[in-house]
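Please put together the full structure from these sequences, using the hints given.
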Amino acid sequence: MRNALKKFYIALIFLFLYAPIATLMVLSFNASKTRAKWGGFTFKWYVQLVHNDDILRALGNTLLIALLSSVIATVIGTIACIAMNTMKKRTRTIMMGITNIPMLNADIVTGISLMLLFISFGLRFGMGTILLSHITFNIPYVILSVMPRMKQLNPSVYEAALDLGAPPVTAFFKVVFPDLTPGILSGFLMAFTMSLDDFIITHFTKGAGVDTLSTKIYTEVRKGIKPEMYALSTIIFVAVLVLLLLVNAAPDKKEGKTRV
Amino acid sequence: MSKELIHLNNISKSFDGQMVLDELNLTIHENEFVTLLGPSGCGKTTTLRILGGFATPDTGSVIFDGQDITNLPPNLRPLNTVFQKYALFTHMNIAENIAFGLKIKKKSKDYIADKIRYALKLVNLEGYENRMPDSLSGGQQQRIAIARAIVNEPRVLLLDEPLGALDLKLRQEMQYELIRMKNELGITFVYVTHDQEEALTMSDTIVVMNQGYIQQIGSPESIYNEPENAFVADFIGDSNIISATMIEDKLVSILGTRFACVDTGFGHNKPVDVVIRPEDVELVPPEEGILQGVVSHLIFKGVHYEMEVMAGGFEWLVHSTALHPVGEKVGIRVDPYNIQIMNKPESEDEEAVAIDI
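So the protein sequences, as listed, match chains C and F. Quick note on this note's numbering: the first sequence kicks off at 1 and runs consecutively. Quick note on this note's numbering: the second sequence kicks off at 1 and runs consecutively.
These stretches of chain C come out as covered by chain F in the derived footprint (C-beta under 8 Å, 3 or more residues):
no., region
1, 151-158
2, 163-175
In silico BS3-like cross-links for lysine-lysine, where the CA-CA straight-line distance does not exceed 25 Å:
no., chain 1, residue 1, chain 2, residue 2
3, F, K115, C, K174
4, F, K107, C, K174
5, C, K174, F, K85
6, C, K174, F, K109
7, F, K103, F, K85
8, C, K174, F, K105
9, C, K89, F, K85
10, F, K169, F, K301
11, C, K44, C, K223
12, F, K103, C, K174
13, C, K174, C, K151
14, C, K88, F, K85
15, F, K85, C, K151
16, F, K121, F, K107
I should point out that these hints are in silico values taken from the structure, not numbers from a laboratory. The beta-carbon is built from N, C-alpha and C at its ideal position, and this holds for glycine as well.
Next comes the structure, spelled out in structure tokens:
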């Protein structure tokens, strides 16, 4: 009896969590144009989506920005971690605190302040400004996932490589970098997901005529909801889900190695 | 003694305003097993890091085989280090770990394969080529760390408390292994430890350090039997260190009683410290002793009994295989050659500080 209650409770939680998304997914396969009735199963919204140039351009922008911003943020974030690791404990704690604040900051505040900053520098709004803002909010996520790896490193490992004749740069890439890889990889994927996912900050920094998927959906939905948007949202949801699964699976591979 | 290989000249080093090494001078010879021994914070690891190139001295120079290497980076130095926590490369297998230095030096594949085989044989781990470091025990990892260092044919091997993380039994086993490896390789070992037993077992020369100063340099026998000051006497083994007065050559007054000794040249009526090892204190019937006292503590230590005897106002530490129960009246006798006379420390810097480890 108690077990059944427990199961029911869990089912209820999942229902509340996933019912909206499930509804969306179901509707994306609904042949009827109205939400009110089920007109049979169809892929036509997906097909229309693929033939919509605006959507495809927005998709291209989204992927380009996600990829560029996460790569650049990963490089900057990793270098920052190397530097922070050599700091004294007190300074490092302060630096970590400062880098963490942007993550807690409300997106709308970040978005508006970035917009104001770009205006005061006289930058032209477009892909460039979106990219800059995405790099900015991605760096803390990279640092957050690389730093713990960095702290686990045995500092003697780097010294051992030097001792065996490797110049500093070779030593870093041959022995330190491989130990950091799981952290760097999950930081990269997290940044990629965050960038893919962002609407508010992009909305404030994108300028006219440039759209990413999320801002495109927003404009389309204001004009009236088309089933194509259900299909698009479904695709985004599945893509982000897959990425998240990858992020969670990446470190496991290393730690899952058997010890004899 | 063989050729001089390394000179440390007037090395000083401080961290955050704290002096770690003060004008240290040390000469290391070819094919010598030198141990830097001292409590934590005495500067022994810093000395090793200066030798390895991981720290630069504030003043002074490091001369290696006639060349000044003070500012040479570690990757260009002809010495290799075995680190305290092994520092194996966990993403590489054992063979790749050992080959690391040789690949950097662009040695041929055959040469590297030969070297790996040779090194694994030397450390008694043949057939471990394809294992990962994580799958090895602490002792095995330490052997691999040694193998990885020695394949580069360094002229000097630096070892930073390499046995610190191993259990007692394994540590003793590895001490013999290290002596064997050193003899087989015929190179210089510079070994850092705070374990006096390790130092006494393996070294040709022991350098006892405290608070950035060298307290004494000598063979294990001379360090143990003829400590130059109270710190060395106290740090190496147990000892009775007593304030005394040197009345004249070969006669010392300890706790108001005259003892014959063998030391000369300390002057007349000069205050000194004497060291008497607990195993050198003989307990005899009261009437036969130079001093009389009462046994106050008794502990069984396995090989011997450890007793404390209250005599002449001093608690004497005594090791003996014969049992004297608490409360028994005993006489104390010490053979003249077992009394080691030391000058009192002249300055505060030399002042011996006993640190429990």
